[in-house]
Amino acid sequence: MEEEHHNNTLTFLQKGKLTTKASFSCPKCGKSFSRLDNCKQHQKIHNRERDHVCLQCGKTFITSVSLKRHQKLHSGVKPHTCSQCGKTFTETGHLKKHTQIHTGENPHICTHCGKSFRQNGDLNKHLTIHTGEKPHACKQCGRSFTDTSHLTRHMRVHTGEKPFHCDQCGKQFGSSSNLNIHLITHTKKKPHVCSVCGKSFTRMDNCKKHQRTHTAAKNHMCFECDKTFITAFQLKRHQIIHTGERPFTCTDCGKSFTQKSHLNKHSQIHTRANP
1 MEEEHHNNTL TFLQKGKLTT KASFSCPKCG KSFSRLDNCK QHQKIHNRER DHVCLQCGKT
61 FITSVSLKRH QKLHSGVKPH TCSQCGKTFT ETGHLKKHTQ IHTGENPHIC THCGKSFRQN
121 GDLNKHLTIH TGEKPHACKQ CGRSFTDTSH LTRHMRVHTG EKPFHCDQCG KQFGSSSNLN
181 IHLITHTKKK PHVCSVCGKS FTRMDNCKKH QRTHTAAKNH MCFECDKTFI TAFQLKRHQI
241 IHTGERPFTC TDCGKSFTQK SHLNKHSQIH TRANP
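Read in full-length UniProt numbering, the sequence shown has 268 at position 268, and its numbers run on one by one without any break.
Do not rely on the hints blindly, as some may be mistaken.
Unchecked claim - The list that follows gives simulated cross-link-like pairs (lysine-lysine, DSS-like), each with its CA atoms no further than 30 Å apart:
| no. | residue 1 | residue 2 |
| --- | --- | --- |
| 1 | K44 | K59 |
| 2 | K44 | K31 |
| 3 | K227 | K171 |
| 4 | K236 | K190 |
| 5 | K208 | K260 |
| 6 | K189 | K78 |
| 7 | K265 | K171 |
| 8 | K72 | K115 |
| 9 | K40 | K72 |
| 10 | K260 | K227 |
| 11 | K162 | K190 |
| 12 | K44 | K68 |
| 13 | K87 | K115 |
| 14 | K78 | K139 |
| 15 | K68 | K28 |
| 16 | K125 | K44 |
| 17 | K44 | K134 |
| 18 | K44 | K96 |
| 19 | K40 | K96 |
| 20 | K162 | K68 |
| 21 | K236 | K218 |
| 22 | K199 | K236 |
| 23 | K125 | K59 |
| 24 | K31 | K78 |
| 25 | K218 | K199 |
| 26 | K44 | K97 |
Note that these hints are calculated values from the structure, not bench results. Just so we're clear, the structure is a prediction, and the values are computed from it rather than from any experiment.
Required output: the full structure, derived from the provided sequences and hints.
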């Protein structure tokens, strides 16, 4: 059976002139190619069996080359180095994409808003902002995404796959961004500082959440002591002080706590004692 393809046109900036060039996209996953033969070759991967299994995380691949490339995530080996800044990469393709940062080359132009991109794939992702299209749907829950990378990351919610490991404590994560956030806890660095009171945080989202305490109205009042809170959740958590309730119990020693965060902090005593 002959493979299908979708033909689109993309605008490129070549030697100061705008020209149009055909783009062929895969109807299965939306990935685009500048050549039809490459698009047809790619479509074969959707029909082939995945016989090559990663022993680290169980992920499967069509070819041994794809498996070896994936295994570099676990090994941490990055043999390709940028001669400009020294940054290292697992693949040559990633290095080539990175070097365009130094050259400033952005040959792929959006015809809707004029924004330019280094990669054809980045342009295609951007175009979905204008079209509202989310062609990549999760088969488990139906949630849809603008590009395959977001779908892949989302699928880990269902599979439980956590391919990113912390070298310090062995904790696993579903995304590299969550791993990077976690790594800060080992360095004890708190780079995000509240501009109002100077309190520092390891994560920017926690800092932003904290900063709202300085500006948001405190409409939730405790009738026991008249203390006020921004959210109903904060009030509910506070009221446990008056009721004496301690709903969070340590499974190791039976000690109970008013807040889950206090239990988590206490549990570290047992993990240090039993490494």
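Now for the hints, and whether the structure bears them out:
no.: 1; hint: K44 with K59; result: holds (19 Å)
no.: 2; hint: K44 with K31; result: holds (13 Å)
no.: 3; hint: K227 with K171; result: violated (38 Å)
no.: 4; hint: K236 with K190; result: holds (28 Å)
no.: 5; hint: K208 with K260; result: holds (22 Å)
no.: 6; hint: K189 with K78; result: holds (26 Å)
no.: 7; hint: K265 with K171; result: holds (16 Å)
no.: 8; hint: K72 with K115; result: violated (34 Å)
no.: 9; hint: K40 with K72; result: holds (28 Å)
no.: 10; hint: K260 with K227; result: holds (21 Å)
no.: 11; hint: K162 with K190; result: holds (25 Å)
no.: 12; hint: K44 with K68; result: holds (20 Å)
no.: 13; hint: K87 with K115; result: holds (27 Å)
no.: 14; hint: K78 with K139; result: violated (33 Å)
no.: 15; hint: K68 with K28; result: holds (25 Å)
no.: 16; hint: K125 with K44; result: holds (23 Å)
no.: 17; hint: K44 with K134; result: holds (23 Å)
no.: 18; hint: K44 with K96; result: holds (26 Å)
no.: 19; hint: K40 with K96; result: holds (24 Å)
no.: 20; hint: K162 with K68; result: holds (18 Å)
no.: 21; hint: K236 with K218; result: holds (14 Å)
no.: 22; hint: K199 with K236; result: holds (24 Å)
no.: 23; hint: K125 with K59; result: holds (25 Å)
no.: 24; hint: K31 with K78; result: holds (26 Å)
no.: 25; hint: K218 with K199; result: holds (20 Å)
no.: 26; hint: K44 with K97; result: holds (25 Å)
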